Amino acid sequence: MEDLLRPIYQERASQSNTLGVLILEKNKPISPVTDNFDVILFIIVRDADELWYVKHYEFENKSAAMHIVDETLLQHWIDTSSYRRAVEWVINGSIIYERNEYVTLMKEHLRSFPQKTRDLKKAIEFAKLIRSYSESKDLYDSEQYLDSYSRMVNSLHYLARLSIIEKGFHPEVTVWNQVKRIEPEIYKLYQELIESGEPTDKRIQLMILAVEHSISKRARSSAQHLLQVMNERTEPWAFGELKVHPEIQEYILDLSSMMEYLVDHGLIKVVPQETKGAHIFHRRYTSV
3 MEDLLRPIYQ
13 ERASQSNTLG
23 VLILEKNKPI
33 SPVTDNFDVI
43 LFIIVRDADE
53 LWYVKHYEFE
63 NKSAAMHIVD
73 ETLLQHWIDT
83 SSYRRAVEWV
93 INGSIIYERN
103 EYVTLMKEHL
113 RSFPQKTRDL
123 KKAIEFAKLI
133 RSYSESKDLY
143 DSEQYLDSYS
153 RMVNSLHYLA
163 RLSIIEKGFH
173 PEVTVWNQVK
183 RIEPEIYKLY
193 QELIESGEPT
203 DKRIQLMILA
213 VEHSISKRAR
223 SSAQHLLQVM
233 NERTEPWAFG
243 ELKVHPEIQE
253 YILDLSSMME
263 YLVDHGLIKV
273 VPQETKGAHI
283 FHRRYTSV
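First residue of the sequence shown? That's 3 in my numbering, and the numbers climb one at a time after it.
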């Protein structure tokens, strides 16, 4: 198949801003990793006019998708897991062209999973987990059991991804297959939720307790990225100051619920600041 696609990728490889070309073939009938195309041609470039360009091909009753991605966008996807398929393409794809070992070094960087990137990814998943779990718990208290069940499934998914990152791996599209190998206890929670013969409300009640325990024991480690940002200075932070901090933008939508959880569990301290109004204070925050 590579031979058939050679005229396409050779044209790209000859361009001076092309850094690498990878190929990944479908290895089973249903293949989410390749979007069910028979082959993915993944081309990494520098200073592209269009950050992400996609073109589809058909040949000999087979299909191919070519993705041309600027290195800055790809790095963003890697740092934030915002497009996991692309990360898998880099990890599992075969190199058919690279400039100055660019792709080889990127693969090694992904395998090493630097702590700074890991902390950011943990914070992103932890923030999503807190919001989803809080919503599930609130819906349960309101006796909206089916909606609570749905949010709990999402919560376990975020918890699963968080546990994979903790172990030093990048979450894949088939995350539960990873969890079954890496963190079987969380896999068992997922099984209990979806396969148990107990009534829905009883299953959710059990999960609320189990997930709360899992969150609690991971809280400081998972929030390390945020706590490190807060430790950049000694004076307390206003929420608005944190909200515009460039390091936090990837989980800004879930920051409020995450911080309230950390306040409730003693990892962040509220520092009241007087206002012009009597008995009304600004809330400022400092890490503990």
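Just so you know, these hints were derived from the structure itself, not from any lab.
Errors might be hidden in some of the hints.
DEER-style ranges, computed between Cβ atoms [unchecked claim]: (1) Val290 - Leu208: 37 to 43 Å; (2) Glu52 - Pro201: 26 to 32 Å; (3) Glu27 - Thr74: 37 to 43 Å; (4) Ile196 - Glu276: 48 to 54 Å; (5) Gln77 - Gln207: 39 to 45 Å; (6) Gln77 - Glu197: 37 to 43 Å; (7) Gln17 - Glu62: 22 to 28 Å; (8) Asn179 - Glu145: 32 to 38 Å.
Cross-link-like lysine-lysine pairs, in silico, PhoX-like; alpha carbons within 25 Å at most [stated by the list, open to error]: (9) Lys204 - Lys169; (10) Lys30 - Lys57; (11) Lys139 - Lys219; (12) Lys64 - Lys139; (13) Lys204 - Lys245; (14) Lys169 - Lys245; (15) Lys219 - Lys278; (16) Lys245 - Lys118; (17) Lys204 - Lys190; (18) Lys30 - Lys64.
Model, not experiment: these values are computed from the prediction.
C-beta atoms are modelled at their ideal positions from N, C-alpha and C, and glycine is treated no differently.
Taking the Cβ atom of Ile196 and the Cβ atom of Glu276, is their distance within the range 48 to 54 Å? Holds, at about 51 Å.
Return holds or violated for the Cβ distance of Gln17 and Glu62 against the range 22 to 28 Å. Since Gln17 and Glu62 have Cβ atoms about 27 Å apart, the given range 22 to 28 Å holds.
Quick one, are Lys30 and Lys57 close enough, alpha carbons at most 25 Å? Distance of about 22 Å is within 25 Å: holds.
Within a Cα-Cα threshold of 25 Å, do Lys204 and Lys245 meet the stated pairing? 38 Å, violated
Range first: 32 to 38 Å. Now tell me if the beta carbons of Asn179 and Glu145 are that far apart. Taking Cβ atoms as reference, Asn179 and Glu145 lie about 34 Å apart, which means the hint holds.
Within 37 to 43 Å: is that where the Cβ-Cβ distance between Gln77 and Glu197 falls? For Gln77 and Glu197 the Cβ distance comes to about 39 Å; the hint holds.
Restraint status (C-alpha distance of Lys139 to Lys219 at most 25 Å): OK: Lys139 and Lys219 at ~18 Å, within 25 Å.
Given hint Lys245 paired with Lys169 - CA-CA distance at most 25 Å: 29 Å, violated
Hinted pair Lys204 and Lys169, Cα distance within 25 Å: Violated, at roughly 31 Å.
With a cut-off of 25 Å on the C-alpha distance, tell me whether Lys204 and Lys190 pass. The hint holds at about 16 Å.
Is the Cα-Cα distance between Lys64 and Lys139 25 Å or less? This hinted pair is violated, its Cα atoms lying about 47 Å apart.
Keeping to a limit of 25 Å between CA atoms, is the pair of Lys219 and Lys278 held or broken? 40 Å, violated
Hint compliance for this structure: hints 1, 2, 3, 9, 12, 13, 14 and 15 are not met, and every other hint is.
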